[in-house]
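A.B. asks: Each chain is listed here by its residues.
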Amino acid sequence: MTNTGHNESELFARARQGDAEAFAQLFEQYRPTLCRVVYRLVGADDCEDVVMESYLKAWRAIPGFRGRSALSTWLCRIARNCAIDWQRQSTRRERHHVHEYESEEDEAPLIERTPDEQQPTPERQAHLNDLGQILQEGLAQLSDEHRTALVLREIDGLSYCNVAAATGVSIGTVMSRLFYARRRLRRIVEEKLA
Amino acid sequence: MKRVRWQQIRATLREQCQPPPLRSADEFWADFRARQQLVPQIADDPLAVPPRFAVSWLPALTGLAIVALVAVLFTKNLHTPPPTPVQAARLSEVEEVEVMVEYGGLMIMQDAESRGTLVWVTGMETHDG
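Chains A and B are the protein sequences, given in the same order.
Residue numbers for the first sequence follow the numbering used here, so the first one is 1 and each next one is one higher.
Residue numbers for the second sequence follow the numbering used here, so the first one is 1 and each next one is one higher.
A few of these clues could be false.
[What the hints assert, rightly or not] Have a look at the derived ranges for each label pair, beta carbon to beta carbon:
| # | chain 1 | residue 1 | chain 2 | residue 2 | range |
| --- | --- | --- | --- | --- | --- |
| 1 | B | Ala11 | A | Pro32 | 53 to 61 Å |
| 2 | A | Arg88 | B | Ala11 | 20 to 28 Å |
| 3 | A | Ser170 | B | Gln7 | 42 to 50 Å |
[Unchecked claim] One side only, chain B facing chain A, incomplete, derived with CB under 7 Å:
| # | residue |
| --- | --- |
| 4 | Val4 |
| 5 | Arg5 |
| 6 | Arg10 |
| 7 | Ala11 |
| 8 | Leu13 |
| 9 | Arg35 |
| 10 | Leu73 |
Just so you know, the hints here were simulated from the structure itself, not pulled from any lab data.
Glycine included, each C-beta is placed from N, C-alpha and C at the ideal position.
So here's chain B without its partners, still in its complex pose (with noise of 0.2 Å):
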């Protein structure tokens, strides 16, 4: 592949790139000083910062808001005690039953999902029955 320099490109486009002539400067401020008188000077600036500016300070300072309450949060969790595991209850442990009634039978059931006992007693004699 042939190597062209930059500098060779660069004249080339200059050579066939150029804009207009300019007009003549006597020319061109007599038409700035004719027009001049009609536009006032001002002591702001607006016009020097560019509109994008202004306007790029709404999502900067959202998400400045954003990132700050996410440090908060972060820095709220490091602080607060991670939970202790929680123990692991002890079953229930039914040491006595004391049936007042008559009964037919007893079932003593323990669960250790949700760790709880039932006692189950079947055949009760009440006054009424």
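Chain A with its partners taken away, still in its complex shape (with noise of 0.2 Å):
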């Protein structure tokens, strides 16, 4: 066993015997993870409460974790299973996320862009900005279900595994809708440049 690994299990151990301290060196690794997927799947406004409702339940249910999966993939099935309830006691549905891309009015981007990091040459800015534009409007078309498939997998870079635990679908299924989004993505991407 890697030290790594011997450092997990002592931490795990711990955690599941309420040391807190342990549950959060063991688990931040995977809050960008976590906020990635509770991002998609509630929208910024509700993000950091959902994430922070999916940490205290997996706080709450690690006692009876048995192992079966990935701790990573446990925890983005708690995320999917909070951010449901979320949006079922939520009164202001239209802060999900996956509406914003539907509006083809709505002028706000479909994901929020980051700050200007990295400013790229005003002719990379411009094919950027063409080839940004035509992907929000693919995206748009896709449906839900393909595209939180697409964005988890290619912008979030999230594994299979849990894109299936967040999707709530079984691997194959997020193999199958993967397939099928980017070929309709690239589909929609050369019509608009050709």
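Hints given; two lone chains; assemble the complex.
C.D. replies: What follows is the structure, given as structure tokens:
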């Protein structure tokens, strides 16, 4: 067993026994992934709350974790359940991020853009703007299931397993959705650029 | 049609569609610790199982029961010998008719469909009549 693995096992054992510090150390590494999943499912406004709720549920449930899946996958599944609960309770459904894709008249970007940390050249920026605009229109034409799978995999870099846990389907279904989503998006882009 | 590499699409998506930056770890986990004290740990893990998973047993079991029932009926049907074809009943053969009273006429009719024989005696004279 590697040193990291040993540390994780130790942290996991301590977390199961109620050590919150160990829990924080163990689960901090999954926070970026969890935030991305929740962000895609509920949008920016509720993201922090749902992430916190997911961690609290994980804290509550970790003594019963049997290790049948990876911790990150388990966490993604919890996050998905929390997001669903959150959406059910929320009366502000227009905040659902996916709906932003569907409004063609809405000028808001599909997903909030990053602050300009790396300024591209003007030519590169123009090309990105064209392609980016086409991609946003293309994403809007995908079904919710295809779009979510594509975004979680291609933009957020989740594993197939975690995409499956986050979306509540099998890995085979994820692969199928990705195949069709990529093909459709590529066709849209190529038609627009032709 | 212009061919676009998927890597280019992916790179553009990643450049344009990044999620907002994370809160600092210290801040987040301090918040977590403050709330975590209000949440007792439990041994069972109902949250890890998607609700749909538990509910999906019902239609699965129902479907299984229907399949089992159909299979039993089908198997039973296989083991039951097929009914032997009904032997064509011979038509009744009237060999002799004896009428004990005076009569006017006698008719013997045979119906192939109902496999019956009808003896029709007319003009019988009874003692009353």
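A.B. asks: Each hint should be assessed against the structure and marked as holding or not.
C.D. replies: Here is what the structure says about each hint:
1. The hinted window of 53 to 61 Å between alanine 11(B) and proline 32(A) is violated, with their beta carbons roughly 19 Å apart.
2. Range check, arginine 88(A) to alanine 11(B): about 36 Å between beta-carbon atoms, so the 20 to 28 Å window is missed.
3. At roughly 27 Å, the beta carbons of serine 170(A) and glutamine 7(B) sit outside the given window of 42 to 50 Å.
4. For valine 4(B), the shortest C-beta to C-beta distance to chain A is roughly 5 Å, which falls under 7 Å, so the interface hint holds.
5. Checking arginine 5(B) against chain A: minimum C-beta separation of about 9 Å lies over 7 Å; hint violated.
6. Restraint check, arginine 10(B) versus chain A: the minimum CB separation of about 5 Å is within 7 Å; hint holds.
7. Because the beta carbon of alanine 11(B) sits about 9 Å from the nearest beta carbon in chain A, more than 7 Å, this interface hint is broken.
8. A cut of 7 Å between beta carbons decides the hint on leucine 13(B): the least distance to chain A is about 5 Å, and the hint holds.
9. For arginine 35(B), the shortest C-beta to C-beta distance to chain A is roughly 6 Å, which falls under 7 Å, so the interface hint holds.
10. Restraint check, leucine 73(B) versus chain A: the minimum CB separation of about 33 Å is more than 7 Å; hint violated.
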